[in-house]
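Hints given; two lone chains; assemble the complex.
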Amino acid sequence: MSNTLSKKELIARGILSQNPIFKLALSMCPAVGMSTTVVTGLMLGSAVFFVQVFSSLTISLIKNFIHPRIRIPTYTLVIATWVTVIDLVLAAYFPAAYAQMGIFIKLIVAFAIITMRLEMFACKESVSDSVVDGAGMGLGFLIGMVCLGFVRELIGNGTVLGYEIFSFKPFMFFILPCAGFFVVGLMMAFFNWIEARYRARMERKS
Amino acid sequence: MMNKKFRDILIVVAAAFVIFAVVAVIMLWPAKSDGPILKQSFENADEIVLTVDDSVAIGNIIPNDVSVFEQDDPDIQMHPVQVYAGKQKNTVVLKFQDPLNQAHPHIVNIEGIAKDPVSLTVERSYWGYLVSILISALLINNYVFTKYLGLCVFFGTSRRKSTATGMGIVFTIVMLVSAILSWLFYKFILVPFHLDFLQVVVFIGLVSLTVQAVDTILRKVNPILFKSFGVFLVLVIANCIIIAVPLDMASNHYNLAETIMLALGAGGGFLLALYLMSNVRERIELAPIPESFKGLPIAFMTAGQFALAFLGFSGLQIF
Chain A
1010 MSNTLSKKEL IARGILSQNP IFKLALSMCP AVGMSTTVVT GLMLGSAVFF VQVFSSLTIS
1070 LIKNFIHPRI RIPTYTLVIA TWVTVIDLVL AAYFPAAYAQ MGIFIKLIVA FAIITMRLEM
1130 FACKESVSDS VVDGAGMGLG FLIGMVCLGF VRELIGNGTV LGYEIFSFKP FMFFILPCAG
1190 FFVVGLMMAF FNWIEARYRA RMERKS
Chain B
104 MMNKKFRDIL IVVAAAFVIF AVVAVIMLWP AKSDGPILKQ SFENADEIVL TVDDSVAIGN
164 IIPNDVSVFE QDDPDIQMHP VQVYAGKQKN TVVLKFQDPL NQAHPHIVNI EGIAKDPVSL
224 TVERSYWGYL VSILISALLI NNYVFTKYLG LCVFFGTSRR KSTATGMGIV FTIVMLVSAI
284 LSWLFYKFIL VPFHLDFLQV VVFIGLVSLT VQAVDTILRK VNPILFKSFG VFLVLVIANC
344 IIIAVPLDMA SNHYNLAETI MLALGAGGGF LLALYLMSNV RERIELAPIP ESFKGLPIAF
404 MTAGQFALAF LGFSGLQIF
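Chains A and B, in that order, give the protein sequences. Per this note's numbering, the very first residue in the first sequence carries number 1010; after that it's consecutive. Per this note's numbering, the very first residue in the second sequence carries number 104; after that it's consecutive.
Next comes chain B alone, as it looks inside the complex (with noise of 0.2 Å):
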């Protein structure tokens, strides 16, 4: 009865998941543009690939006829080290010395293409910069085994499958609700009036203030979720990651769909964490290991395993 609420819920969250990847992909669409380059986009790290028309004689575009700089700062100009055409047809890369700061749009000018020398934005597209924000707080910088937070709460509940998975959900909602209200805090109270300093108790405050209300709504609408919930919103608080994400929020100036992507990602690399660790303690618990290993020593152990697994995700990029 317990697994198949908990199935019910993990469904949902894989079919929103789903939507939300195939509007992305939608979005990512690329648009024409005119003039003789079609399409512009950046590759690799350091890699900016330009799909050109017939007219274009690739060959003869030499670096230092290519200047790039990023839109905010025109002052850092860059040149390419290397030009040359790319493995399909009409398509130009443009090699840099150092990775690109891909977050920022960049404006790349070219002379000697067309009779004007010719400008063209550089940039990712929205919708692949919100689900690189996703992902990088759901996988990359996994809060639980790159950051090393949450880790009180991470092994006092990853004992069992079913606590763990019940503890990660209730984590995500709060952390949503907990994230939407300190941006809507930081961006109308903190920021207009200055009260940058205010911010840990301004954070804290409201995390708890989610906390209580979660408690008396869920009690009264819904008591029996409530019996099977109600014991991890006391814990929800005592976790550093629902503070150190308005934190990261504030520092990173995050917008209101950003800050979303942010708490969900949190939320769910929460939930896939303690539910990898459950899996494994469970089987632990009947493994002969050390008598001095048993109990935390062998799960820190495991937990450390886990992140050296994570560090493999660092310089993953999807769009």
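Looking at chain A on its own, in the form it has when it is part of the complex (with noise of 0.2 Å):
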């Protein structure tokens, strides 16, 4: 057990000083391709969230019994797993959301974040600290996702949450599929932008 942070520093860091889209940059496939609108960006935030966290998780729970050499393909199949469950479900209960985002959901199982989460810290910690980074690192994607849809939809189709806000459309672009990537990098450098003006001022206090 080295873990030497509450679970409440658990749940910040996943959500803002490592954050898996901005910081990380880590599953920018999604970021990219399914943050048009609010909606499904919270869709798949969602799923992610879950398998996150019972991944995370069912590796804690079993960490004593995996052998070191076989431990990447262990969490794919126990991520598999859960992908598999989550996909079955929305499926069934959200058909609409689910053929919009289509191939999405089953990529979940290639997506960097979890297995980097599983290797970092699940198979090392304690369960209950490793349900509350997983749940931190999944709350960070889906706030991530989030915003990139709630920037892309109000910019490109002047809307949130299919609510109104401006009678017109300020930038149609950004709602384009390809314009994610432009979205993402303005995002990032604003991001940067940020941290270093807040540093400068740091330094020039001290």
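Honestly, the hints are just simulated from the structure, not real lab data. Any given hint might turn out to be false.
Now the in silico label distances, taken between C-beta atoms and shown as ranges [unchecked claim]: (1) B:E214 <-> A:A1105: 57 to 63 Å; (2) B:V121 <-> A:A1105: 44 to 50 Å; (3) B:G333 <-> A:Q1109: 26 to 32 Å; (4) B:G189 <-> A:K1178: 40 to 46 Å; (5) A:L1086 <-> B:P166: 47 to 53 Å.
Note that the coordinates shown come from a computational prediction; the quantities given were computed from them, not determined experimentally. Even glycine gets a Cβ: it sits at the ideal position worked out from N, Cα and C.
Right, here's the structure in full:
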């Protein structure tokens, strides 16, 4: 047990300092492809959240029985099992949203972020800490996706969650699929800029 | 030394492509048929062009004489909106209101040009279809720039040209092997036993198996090659494309040849994307860009511009 962070800090780390989308730059495929509206971002984010929490739970439960040489295939199979579960559940209860997300739900199995959390955290730490860490990372991803979806839907379509905010479309380009690259790049640059400003102010104070 | 090896591999790949293209063209050469209609083919998205012999008066064919349906569902009959003589001698163009689904064979029935109604089948040649799968996965539906998959590895390994080509080649090889394995499992185990819901588990398991096997074999057979390519093998499994291709294969019910084409196209498309991107990123490192855009943000902007450029390939049709 090498974890020294409290549960609150674990959650905060996933959302802010190690946000999977904007800080770690992992799982970029859904961030570019599936963030056209808030709703799709929210749906995919929740699916990833679910898979992350339950895979962390499973791996931390069975961590003492996994031979170190086959740990990566084990992680993959555990993730694949939970992805199959969420895939079937979504297909049964939310067929419309499922059709919209298409192949991306199944591709959660290859998202680097989940495997990374299992490798770095869940295979060493206690069950409760692993679940909290998984929840933090999942929330970080969910919030990142919703942010992207919010920006793209608001600027591209003038709506939020389908409700009209502007009566015109400020910049239609943002809602196009390929604009995902530009939006992610711009938002990353924006966060870098804020961080640089913040750091400069801190240095001036001290 | 490294570069030479890469160049050799690239030359072999290019030669394979050229041979394939020549074979495809030979197979595409149309065969002659008897009856008043000598040749039939799809042209633009909404046209069928017939070549007729001299006994047919082209001006006498009216749209209502011609009925067309897809071979699979004969219930849906279509009539051309316009029938007119083509630019070449003895050709008739049947123009339809909506684009035809040219992947499926169509049956054309024509009355009034001979004693009996003439019926003929229009289909794209199978080789052309295979090449179109390859071209589609390579350019039109490039997995990186138009489907937005495999981006983590794409941005991680496109910093230098040598890493980019290495990653692309290793990925293509693993992709091909794992796609063939996945097809075998899908066709002979998952479908007969109605285990479709296990797709994700089985496919990702096969991918890890392939990666592990290539790793072990390469380590024993060619340690020098392993030293330069081994690092990329781990990354292959973190790439969504490797699992997206078997899933696409399963949802389209491809056969083995089509699966191989899809895998080659996906791998080649990834290699192409990585190569283009690494060229740009090597130049960007020397360029004066704003501080907050350095690193990933500018890479994303570049990729966005590539994605816009790749939009231009949509609607591309060679065969």
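Comparing the hints with the structure gives:
1. In this structure, E214 (chain B) and A1105 (chain A) break the distance hint of 57 to 63 Å, their C-beta atoms being roughly 46 Å apart.
2. For V121 (chain B) and A1105 (chain A), the hinted distance range of 44 to 50 Å is satisfied, since their beta carbons lie about 47 Å from each other.
3. The given range of 26 to 32 Å is broken by G333 (chain B) and Q1109 (chain A), whose C-beta atoms sit roughly 40 Å from each other.
4. Checked against the hint of 40 to 46 Å, the pair G189 (chain B) and K1178 (chain A) passes, with Cβ atoms roughly 44 Å apart.
5. Checking the proposed 47 to 53 Å range against L1086 (chain A) and P166 (chain B) shows it is violated: the Cβ atoms sit about 59 Å from each other.
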